[in-house]
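Let chain L serve as the given structure and place chain A on it in line with the hints.
Number of protein chains: 2
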Amino acid sequence: MANERKATAVANANIALVKYWGKRDPALILPYNGSMSMTCEGLQTITTVAFAGEGQDEIIINDDELRKDEKDIRGHLDRIRKLAGIQGKARIVSETNFPVAAGLASSASGLAALTLAAAAAAGLQLSPKDLSILARQGSGSACRSILGGFVEWKRGSQPDGTDSYALQVAPPQHWPDFRMVACIVSDKAKPVGSRAGMAQTVATCPYYPQWVETATKDLETVRQGILTKDFLAVAAAAELNALKMHATMMTTTPPIIYWTPATLEVMHAVRAWREEGIPAYFTMDAGPQVKILTLEPQLAEVERRLSQLEGVARTIVCTPGQGAALQEKHLF
Amino acid sequence: MANERKATAVANANIALVKYWGKRDPALILPYNGSMSMTCEGLQTITTVAFAGEGQDEIIINDDELRKDEKDIRGHLDRIRKLAGIQGKARIVSETNFPVAAGLASSASGLAALTLAAAAAAGLQLSPKDLSILARQGSGSACRSILGGFVEWKRGSQPDGTDSYALQVAPPQHWPDFRMVACIVSDKAKPVGSRAGMAQTVATCPYYPQWVETATKDLETVRQGILTKDFLAVAAAAELNALKMHATMMTTTPPIIYWTPATLEVMHAVRAWREEGIPAYFTMDAGPQVKILTLEPQLAEVERRLSQLEGVARTIVCTPGQGAALQEKHLF
Chain L
1 MANERKATAV ANANIALVKY WGKRDPALIL PYNGSMSMTC EGLQTITTVA
51 FAGEGQDEII INDDELRKDE KDIRGHLDRI RKLAGIQGKA RIVSETNFPV
101 AAGLASSASG LAALTLAAAA AAGLQLSPKD LSILARQGSG SACRSILGGF
151 VEWKRGSQPD GTDSYALQVA PPQHWPDFRM VACIVSDKAK PVGSRAGMAQ
201 TVATCPYYPQ WVETATKDLE TVRQGILTKD FLAVAAAAEL NALKMHATMM
251 TTTPPIIYWT PATLEVMHAV RAWREEGIPA YFTMDAGPQV KILTLEPQLA
301 EVERRLSQLE GVARTIVCTP GQGAALQEKH LF
Chain A
1 MANERKATAV ANANIALVKY WGKRDPALIL PYNGSMSMTC EGLQTITTVA
51 FAGEGQDEII INDDELRKDE KDIRGHLDRI RKLAGIQGKA RIVSETNFPV
101 AAGLASSASG LAALTLAAAA AAGLQLSPKD LSILARQGSG SACRSILGGF
151 VEWKRGSQPD GTDSYALQVA PPQHWPDFRM VACIVSDKAK PVGSRAGMAQ
201 TVATCPYYPQ WVETATKDLE TVRQGILTKD FLAVAAAAEL NALKMHATMM
251 TTTPPIIYWT PATLEVMHAV RAWREEGIPA YFTMDAGPQV KILTLEPQLA
301 EVERRLSQLE GVARTIVCTP GQGAALQEKH LF
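Quick mapping for you: the protein sequence lines, in order, are chains L and A.
Going by the working numbering, the letters in the first sequence line up with residues 1 to 332, in that order.
Going by the working numbering, the letters in the second sequence line up with residues 1 to 332, in that order.
Keep in mind the hints are simulated off the structure, nothing from the lab.
Careful: at least some of the hints might be erroneous.
Intra- or inter-copy, both count: the list cannot distinguish identical chains.
[Claimed, not checked] In silico EDC-like links for lysine to aspartate or glutamate, alpha-carbon gap of 20 Å or less: (1) Lys188 - Asp78; (2) Lys188 - Glu276; (3) Lys188 - Glu310; (4) Lys71 - Asp57.
So that you can see chain L by itself, here it is in the shape it has in the complex (with noise of 0.2 Å):
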């Protein structure tokens, strides 16, 4: 048996505050506009990859989310061993801690967490820069999952991708009180996966340049507001583009709608509760769940609220979390 050369690495999901929606190439998957992301802690994916031997890769995977992704695995696989030069097949064992109906994306924690042990395990050195950018090409926001705190993934402009990349704005001690709360709603939309739906909406939304511009200046807004720690000016800011973007999903031919009436419900709740006077906004993916941006002196008073709606049937609380990292202990 060859030399095995293995790692473990570990990575948290991230939710967006301006969304990743649209891909001007999708080979190298590189956006139409930067975006904006916490990492969340403690929603992690920790993979071990090893190369040795010879034949077809063996994938073990937990999470049936992260399981559809498995011919985009393969081909990260390919790229990672081609970077550092190295053959063999690759041997990796996934396991995502957060329930997959979370509504919260396995595919960022889990491309990341790979990029990071396969790059190990293949003997790369590569700095968060170019670990954000090869993590990239397996899963767009998988870049944002390679830095903690706040992460801008940068647009750029090259062709080849090298400066489309996640860099930290503030870290996790930054802003500790900043919550995420993911509400996991009780019924289910027919889904539309996120790769479909942004590449109908680039073809075919009359609004989307205007999504892409007005993206563009919320990020300026909402990055100022994390250096500030503007709460409010973060969540209306992410608020509002969340609603840009299901905007241009629901005028795409044919139209996509990813809320359900639950979704709705939270949304209105949220609203109805900031009238009342408390800090609460929200922002949704390609998928019905809401995700709930307040603040922990009132994270208590915001879950007994989502605790009395009928469409809510439970809910994750998500803190700035840490980055990827490499870990000492194996999965096999």
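Just chain A, lined up with the frame of chain L:
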């Protein structure tokens, strides 16, 4: 007592297939885009107007929704008196026969009936075109209720509004099978009046210019589809047009969200039925109610399915209806 001039008119409500959303001239009520509607048989307002004596106008309205427009009604009476060169106190009795909660704009039928009755009582002899121009100044969409069947409100380009009027694209008997089923949903959204809502959209929505541009194309599609009785072309364009309008509403600052959970329940149901081969599409105006577009042969099945939806309190079936007309019998 002076010689009393009295007239009574009846006008039906209308539901737009291509929406009116945004005024380029708020005083004259000139729209940014042309629109298209079906006049709805039997959803009527009957109004008697008499001019006699001196003093303040007396206005008796049985419709809470229309009563909110009382200030506009007084202004409209002044406009008609000025045009006719008459003086004299107006006495008005107005009755709307469809429920206020129906989410069917009673201001359209109300202002159309008022315009026709008041013009006749004032001794004005006006063409349908001039009546629609006059009605438009009372309430934009009222200009469409002057005419029957399928009606286009031409945008026009003159600053004085003389080329912004309604005209009949096809009479009711052209397409007697066309149906709109108004679904009265059981929950209430916080209302934002359409006048305030459209002003806010024009002022702050980044997608508004593309709304205007694409609505103009939708108008061509729907007009052609009506003339050739191509249901799928008309209904698909109408549904996308409604989604595009709501997308502009929810991306204003602050966002306006007219939909409720029940609205989305009906929308998703209609889309699912369509996949089963039932020709059904939806449209929504500045409120939570959903109006379903279908054809007479499928009406019973659509109604049966609607009766099984939790969020639908009841339905009102609309058929292509007559334009506004004078009546012999008066209300007082």
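Please work out whether the CA atoms of Lys188 and Glu276 approach to 20 Å or closer within one copy, between two copies, in both situations, or in neither? Classified as between: cross-chain Cα gap 19 Å, same-chain 30 Å, threshold 20 Å.
First find the shortest C-alpha distance between Lys188 and Asp78 inside one copy, then the shortest across copies, and answer within, between, both or neither for a cut-off of 20 Å. Neither. Shortest intra-copy (35 Å) and inter-copy (55 Å) distances fail the 20 Å Cα cut-off.
At most 20 Å between C-alpha atoms: does Lys188 with Glu310 qualify within a copy, between copies, both, or neither? Classified as both; 14 Å inside a copy, 16 Å across copies.
Alpha-carbon proximity between Lys71 and Asp57, which holds within one copy, between copies, both or neither at 20 Å: Answer is within; shortest intra-copy Cα gap is 11 Å, inter-copy 75 Å.
The structure fails to meet hint 1 from the earlier list, while all remaining hints are met.
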